[in-house]
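So the sequence lines, in the order shown, correspond to chains A and B. When we follow my numbering, the leftmost residue of the first sequence carries the number 1, and every step to the right adds one. When we follow my numbering, the leftmost residue of the second sequence carries the number 1, and every step to the right adds one.
Simulated from the structure, these hints should not be mistaken for laboratory data. Careful, some of the hints might be misleading.
[Stated by the list, open to error] Here are the simulated DSS-like pairs of lysine-lysine, each with C-alpha atoms no more than 25 angstroms apart in a straight line:
hint: 1; chain 1: A; residue 1: Lys300; chain 2: B; residue 2: Lys279
hint: 2; chain 1: B; residue 1: Lys300; chain 2: A; residue 2: Lys279
hint: 3; chain 1: B; residue 1: Lys300; chain 2: A; residue 2: Lys246
hint: 4; chain 1: A; residue 1: Lys78; chain 2: B; residue 2: Lys279
hint: 5; chain 1: B; residue 1: Lys78; chain 2: A; residue 2: Lys300
hint: 6; chain 1: B; residue 1: Lys78; chain 2: B; residue 2: Lys300
hint: 7; chain 1: A; residue 1: Lys246; chain 2: A; residue 2: Lys78
Number of protein chains: 2
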Amino acid sequence: MGGNDVRELVDRLLAGEVPALARAITWIENEDERGIAALDALYPLTGNAYRVGISGPPGAGKSTLVDTLTERLLDAGKTVGIIAVDPTSPFTGGALLGDRIRMRGLGTRDGVFIRSMATRGGLGGLSRSAPSVAAAMDAFGHDYVIFETVGVGQSELDIADAADTTVIVLVPESGDSIQAMKAGLMEIGEIFVVNKADRDGADTTVQEITSMLALRDQGGGWSPPVLRTIASTGEGVAELAGTIEKHREFLSSRGLLTERRRAHFIAQLREIVVAELEKDLYTRLGAGAELGSFVGDVSKGHRSPYQIAREVLDGVVRDRRS
Amino acid sequence: MGGNDVRELVDRLLAGEVPALARAITWIENEDERGIAALDALYPLTGNAYRVGISGPPGAGKSTLVDTLTERLLDAGKTVGIIAVDPTSPFTGGALLGDRIRMRGLGTRDGVFIRSMATRGGLGGLSRSAPSVAAAMDAFGHDYVIFETVGVGQSELDIADAADTTVIVLVPESGDSIQAMKAGLMEIGEIFVVNKADRDGADTTVQEITSMLALRDQGGGWSPPVLRTIASTGEGVAELAGTIEKHREFLSSRGLLTERRRAHFIAQLREIVVAELEKDLYTRLGAGAELGSFVGDVSKGHRSPYQIAREVLDGVVRDRRS
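For reference, chain A alone in the conformation it holds in the complex (with noise of 0.2 angstroms):
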């Protein structure tokens, strides 16, 4: 069962190899045998990292950020994964994935190490995977591990279910801080940031999101703060390092880092129930069996899903229990 490979790449990876992470990675994010078994390998090692969503509309900038965050921690001797998640579509993914890693120019420097992961096709689940990658940059040694995803809409993954800090990028420009309240980001974010402050209206999103935050449920005791950046130029960004620190500390000092993390881990583990037991149904479906062949015609009135979700699990479930 790979047993040998397993532990010869583990013992790899925790030497410090990038080429052992980057199969690691491969194989949790594939859910493959010998990615599980890594991963239980893998996981006692954790703990250290911690753990940035960065998140927002399309256009705002986020990578840019990103990558300028990241030289800022690599010059003061820190170590960073990033996790791009992009939701590119299967017939232009792979080109622009690979695009975006040769755009960047953090690719050449030391003690940065950048994963995209797609949300469409492939295997789905990165809810269940993006965490699990994480971890294993952990144990690898990143200090910082960023997850950078688009945020509007309930995404795949769901960026305040895996990271420690979650920041908000958005950008001057009318109306985009109602309908990052539309998307739901306005809820999620501890840190807020209005890149591109150099444009007209930067003054008017910086009000309108504090506007929108008055609004929000401040009993966790933390007001977030709503920065100015210049991606591009760097302005800003070492006052976002510092306000991530802060809110670090903030978690770390109130006990509140633990809780959350153990929170986002049962909700991993939830993802990864589900999806077992969703496979032992297609297991005792038996061979070929597929929901599929519970569903007649559909070409005109036909029966209620919820009924034959119950003869599905009436009969193939259920009965084998008793």
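We have chain A; now place chain B onto it with these hints.
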């Protein structure tokens, strides 16, 4: 178990009483037993309504376009149900949803029924319940059901998994079409609309979309047209309505409509089955038991979630199967 209530409500719904439809939809959204019983009665009466999905980035003018398109359909003597999916945050949700409905001039016209559904908060599972809400509208007698969603990233309701025809709305803005591609929208659209087409850059945007579509696999035999609209004045909306009809005829004439609806139905069935399996697991875990009880201290290195998932499933589910 409220069987009489359900029968009475279904009768009233089928007699065309709008409040009965509204009540049934609430039950369905909540996956209330009565909603599920109502669906058993309603699904056999579905199959007439044509389902149109309208998606695009925030701020593209989707609501206005949906309103104008609906006006046109109403003028032609058709009836329309609208399902507006709002990824609104819970803390402002109610107000925003209410405003949206009030803001729509349509609310007072006969033959249209608007329902907002929020992706956050509540019991979740939009991809289970939204198609069922559409089924209730279908059985009620609506000629069209329009799903309106913010489509960036993988939203909880994948519009292409619910609609017969998927329309993607963009605006002339630098990089908007690139962003749409990154968000996976280029892949699912069957009709593209450049809204606010009186703005600078409309030609460029149409050109960009057309070039990107050229990359797409054209295997299906339908080349997605790229239209221009100004939703606020109604310009181009007649052409959009005509193009939707053309796509409908394309699907029907090749038997693709039934095939597509079958695939969507199976996807919904799968969601329901998986949710049931999960409920079942919690029942078996016993009163008060939660996944969290399997998770120890996570403040430092700890076991892999896959390992814990095996423990949960081996102990509780697989044991009882034998």
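Cross-check of the supplied hints:
Taken as a hint, the Lys300(A) and Lys279(B) pair is broken in the structure, with Cα atoms around 31 angstroms apart against an allowance of 25 angstroms. Simply put, Lys300(B) and Lys279(A) have alpha-carbon atoms about 31 angstroms apart, too far for the 25 angstroms limit, and the pair is violated. Between Lys300(B) and Lys246(A) the alpha-carbon distance is near 21 angstroms, which keeps this suggested pair within the 25 angstroms criterion. Restraint check for Lys78(A) and Lys279(B): the C-alpha separation of about 44 angstroms exceeds 25 angstroms, so the hint is violated.
Proximity of Lys78(B) to Lys300(A) is assessed by CA-CA distance (about 20 angstroms); at most 25 angstroms being required, the pair is judged to hold. For the hint pairing Lys78(B) with Lys300(B), the CA-to-CA distance comes to about 62 angstroms; that exceeds 25 angstroms, so the pair is violated. Between Lys246(A) and Lys78(A) the alpha-carbon distance is near 17 angstroms, which keeps this suggested pair within the 25 angstroms criterion.
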